[in-house]
Structures are given as structure tokens and as C-alpha cells.
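Q: Here is how the chains run, residue by residue.
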Amino acid sequence: MRIACFTLPGFLLQVHARSAPHLVGTSFGVLAETEGKVARVVACSRRAREEGVKEGMTATQARAVAPRVTLIDAQPAAYRQGMQAAGEALLASSVTVDVDQLGTAYALVPPRASGHSFAERAIEALRRLGLMARAGVADDRFTAWAATQATPHEQVRVVAHGGSAAFLRPLPLSLLPLDGDVRRTLALLGVRTVGDFAALPPPSVGRRWSETAVDVQALARGEDRRPLCAFVPEETIQERLELEEEIAELEPLLFLTRPLLDRACQRVVGRGRAAARVLVTLRGEGKATEALLAPSRPTPSSRLLLDLLRAHLAERILDHPVQALEAAVTEEGRLEAQELDLLDRAAPSPDAVDRTVARLRAAFGEGAAFAAVLEDRYRPEAAWSLTSFDPSPPRRRRGRATPRPDALPPTAPAELPRAGQAALRLLDPPTPADVDGQLARGATLVMDGHRHAVTELSGPSRLEGEWWTDAPLGRDYYEVETEDGGHYWLFRNHVDGRIYLQGIFD
Amino acid sequence: VAELLGARSSGKAALALQAAARITKVGQLVAWIDSRRELYPPAVAALGVDLRRLLIVRPPAGMITAARAAEIVAQSRAFPFIVIDLAEGRLEGNAGARLRQVAHDANAALVLLAMPHAVSSIAQVRIEVSPRQAILVRGGAAPAGARARVPWIPPRDLSPFRPPERRVALLQAAPAGTVLPRPRQGGPASPPESDERRRATGGAASRSAVLR
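Chains as they are written, first to last, in our numbering: chain A, 1 to 506; chain B, 1001 to 1212.
Hint data in this document are derived by calculation from the structure and do not stem from the laboratory.
Since the model is a prediction, treat every value here as computed from it, not as a measurement.
A couple of the hints might just be wrong.
[Stated by the list, open to error] Just so you have them, the derived chain A footprint on chain B, three or more residues with Cβ under 8 Å:
#1 1007-1016
#2 1036-1046
#3 1049-1056
#4 1059-1068
#5 1074-1086
We put the CB at the ideal spot given by N, CA and C, even for glycine.
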């Protein structure tokens, strides 16, 4: 079992920036009251930090050092929605997601999936939701989290299977959830890394030093056994966008609503559901205009919802400019796959086909798009040739009987295929292969530098001809199955006695 | 967008061509983006594909060019079935997202053939193909992690060296609606059979139903 941890650095700032994109790159901070005392800065942007703002300052102190800083009150509901969105994005690619705390989420890497590519896909899904993340993949939760902290410049860090202890060993002790006093005591004793702490004899360490009653030394040894607590999305999906300037025209409004609906749809699809009712609210000048989008069947398509919104707003005259947009999925429905009918369609337009072939040839060269026609030749490489793509039915000749509509097309073989035609992939020219000893069961076949043990072999099937040309054809064909599941079509060339790979059954 | 994942000789190309044969038989067009440059038309015709209705596109090597070629084909709206035979890597990023949108707009089915490790994020249906079974790993409204197995006869049984009767049925499957068991560890899955069918055939004919 592999676990991926996703940390969203500066999560509070990210949540505010995704609903108010004009804050990006500016000097701003988040104020929160702690234990009923005066509100203090709990997070600030890089620009604010450069101007001297620090976490822990009061609003007055922050404005004293940076007069232009924008201070925003903390919005716990928005943070919950942000983590909810992150969890839903991860649910789209993993069956078990744990939204642990603000800014951190875990997901089970699907079996047989590469940890790295899974993490990259998940990060891309989070990015589409407006959240930037780093990922660590390891055998346990703590190591996966530590991987995101150890190398912040790497977007994805994968710790090899069974390599948790070795990975954690050189990391600083500050990563472990220990009280400050304990950490200072350990520092005085010369315990500075996670590896030093893991090496202490367990009875002298004590098992529950952390506030969360976690066996800290087990974490340090890469043996975090805490399971993932499955995240079940329950809250209504809400997305909000605050505009820097007021807008009154329809097209710019729709342009800005698109990403909002994209996010809402991505989240609802992450739940394995579709949007049945979406309430879009346009706010400005203290007024609100609502548009209820109700597709005929639940839909995962933001484009459809946008079309519905366009139709809705086109019939109205807004009596106020818009300062903020909100989209809420008020009702969800089953996500049903829409099945295409591939077989019963109108005939394709010949003009459209011609244009397509012309575009392909212009883009990739004259020989890049073609149809194939079979040739009556025994040499497998020469058994077909290129022809122009013309799918229109052949013209009837006078005096001939009309072919039955269900008759096979003229290019389809009327007989069973000749030798080699079942090899769906043909290598042209054939590539040389080497055999250790005789080509027989148990022999080793060397192709492209890889060794394959032969488990099944049939043949030879001799193909001879073209003796009247300068390059006569003389080959003994074999069908070979290898231990790794490969199924090949080989021949021994009579001219040079070598073995060649002609095709691959796939 | 569906992807067929499988190693060499898994039969993924045969599976896609079987669908192509069905589509060309009713007069529709199929495009095959042959990035690997290995498609062999005589074998394609042997599987029942009407070569006149199969457009073969061989763009220069590379993922972006393959996606671009498929996009041009999809934009025509003349090809309801487009196969991209990926040489290596996976289709992702902007090119993948744009292709998915174009295919959606054109009501076209897009099938990606790729190696097992090259999972694309744009696919809505993922089928892992191995010589004896095709596993639906993810599909449509099915919850993530749902799996179904569809046993089928691999293309090796099309071989000209095998008895002719084995060439008749290439793609075979369990009866529709059968719940398929997971394979035992260390051995291949036995083909599933419904009780009704088992009684009717004496337990030996579950491989004779055609995939619907």
C-alpha cells in the first residue's frame, strides 16, 4: 500500500487568492482572532513579508510597517470549502482520501499505478481547482508528509518502497510532532536528526510525547501505522469569485463565470455525481440576481451549464453591476454515461473528408494520410500499398448485378489470411534478432538488447519466390511465444542465415 | 475517451480493430493514428475492417503530433471512431485536454492504445488488456476502483498456424450483466458463467458470447 500526501503551501492565502485572483502578487495577509484576544496576522503573502509583515503581528503593527498591506479577516467556512474541494479533486483518482487538516490531504495510490504519475495527475487536478500543491509518496503517512517538507523545490518526491527509515534518517528533528521543551532537551543531548531519535532505545524515549498521542519513535522509524480516515464530502459545493472591477456586460460576465462552473463541475464529478441544479448568484451594489440552472438530466458539463446561464441572462436586464459571482450545486444527481451511437449516423460528407485529408497532408506531409489497398504479393512487406482515401462506394458498371449490401467490401479477403497476416504489427524492414543456440523451446531470443526466453514455438513455414529477381525471397517463418507474454513472428533468412523479427501479434 | 492499456502482444490492437471492423461494416469511417508505423493492412483486412473506410495517418513521431493529427480528424466530424496508437508516453496536458474537448464536440469515440504504465488522465474509460482478459478499471458512472473482467480470445488464436475454427471468434465475452470474480493469486481468472448459461451449455460455452 502506498500513500500520497499533498500539502498546499500557504493554504489560507491560496483560498483567498482563488476567490479573488486580483490579490495574487500583492501585499496581503489574513487576520484571525485567537482565544478571544486581539486579531493577529496568521498568514501573509511574500510581498507582505518583504515589506516587513510577520505572522503574529496585530493589524496595527502590520499597517505600521506596511501601510499598503491588505488585511483580510479569516473565513473558516471558505477554508473548509477549500479542503473539501481538494478532497473532491483527489477522490476523482483515488478511492480513499483523507482530508487531514487545513492544507494537508492524503490519498491512497491505486494499485499498479506509478506513484509519481498518480501524484502528478492529482496535482494537475488541484491546479485546475486553483490550488497549488506539492506531493510526497511513501509507504506510510508520516514519511509521505515528510517527503513534501524535506525538498520543497520538488513538486513530487517519491520515497522508494521499504526506504522510509533511510529517507527519514538525515531529516531535522523539527519534523517530528514533539513539544518544544522535549525538542530542546533532545537538542542538549545531541539528538538533532530524525535518525538520531529513532536510534534511541525505546524505553528511555517514552511512547507518547506528542499531543496527538502518536508513537513518535514509530514515526521516526518510518512505521506510521495510522490508517487513512475516508473523506466523505457532505457540504454543498460552493464556488465564489470576487471581481476587481464591476462588470455589467454579458460576455465578460460569462467569460468569468466559466472557470467558476468548471470548478464546481470538477468537484461534483470528483464525488462521482453530476450537477442537477446549480444556483448562480450575481452580486453587486447590495443587490443579488439569481439564476437557477436546471438541465434536463444531471450533467458533468460546465459548457452546458454556461449555455443555460447565457440563455437565462440573455432574457434579462441586470439592474446592477456585478462585483462577485457565486455558484452553488444545490442538487446533485447520478452521473450517467452518455452512450454514443457509433453505428447509426448520417453518411459523412465527402467534402469534409477531403478537407481533413488535405489538412493532414499539409500538416505532416503528402504521405501522412492514406488508405491501404492489398497487393497480390507473397512478401509480407509488399502485400499492401498506399492509395488515396476515397470512402465513396465504387461506381456500378452497367450490365453487372448489383452487389448485396451485406457483401464484403472488395478489399476484404475472401479467403482465410495467408501466412503472416495475423501479425497485426509488421516491422518494415524486419529487424535482426539473435538466438542463443538453436531456435527452439528454451532458447533465449535477444531483440533490441532485451532477452526473452522462448516458451512456445511453431514452424517453420517456408516462403519462397521471386527467384527471377535480384533479391529472391527465401524465408522460414516461426511463431514464437516468450516467457514475458510476447508473441512474435520471426523468420530465418535463407540468404544470410540470420533470424529477423517480422511482426508482433497484438 | 477510452484507453486500452496492455503490454506487447496483449491484444489491445486487435480489440480496437474488432470495433473498427464493426463500424466500417455499416459504412462509417474510422481513423487510425499510427504513431508506431506498424499497422499492417493485410492483417487489418483479415479482421474484417473495410480498408476503404479506414484512414491511416502516420504523423511524425511524438505525442503532440499524434494529438494534433487526431484533433484534425475529429474536427471534420466525419470520423465517429478514432484510434491513437501511441508509440510511447501518455497523452496529457493541454494537448490532451483540447483533444478530449474536440472529440466530445464531434461526438466521436477516441481510443488510446498505450503501454500499461502510460495511463492518460484524459480517458474516461480504462481497460487493461491481457492475452486472456480485458479488465474495465474505470468507466463512465462506475465508482473509482470498480473492476470488471471480460474474458476474450487473444489474436494469437488468429494465427495461420492454428486450426481454422479458432480463427472465427476473436473477441468473446461473458454474458451481459454477469458479475465477474477476481482472479486467484498467482493464476489466471477463470471465465465467469451465469448459472443459466452454465446449465444450457454444460459449463463449457461461456466463451462463445459476442461482446455487446
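Q: Now, for every hint given, state plainly whether the structure supports it.
A: Taking the hints in turn, this is what the structure says about them:
1. Counting residues of the region 1007-1016 of chain B whose CB falls under 8 Å from any CB of chain A gives 8; the rule of at least 3 is met.
2. Chain A is given as covering the region 1036-1046 of chain B, and this holds because 10 residues of the stretch bring a CB closer than 8 Å to a CB of that chain, at least three being needed.
3. Taking a C-beta to C-beta cut-off of 8 Å, the region 1049-1056 of chain B contributes 8 residues in contact with chain A, enough for the three needed, and the coverage statement holds.
4. Counting residues of the region 1059-1068 of chain B whose C-beta lies closer than 8 Å to any C-beta of chain A gives 4; at least three are required, and the coverage claim holds.
5. Under a criterion of three residues with beta carbons nearer than 8 Å to beta carbons of chain A, the stated coverage of the region 1074-1086 of chain B is upheld, 7 such residues being counted.
Every hint, counting from the list given before, is met by this structure.
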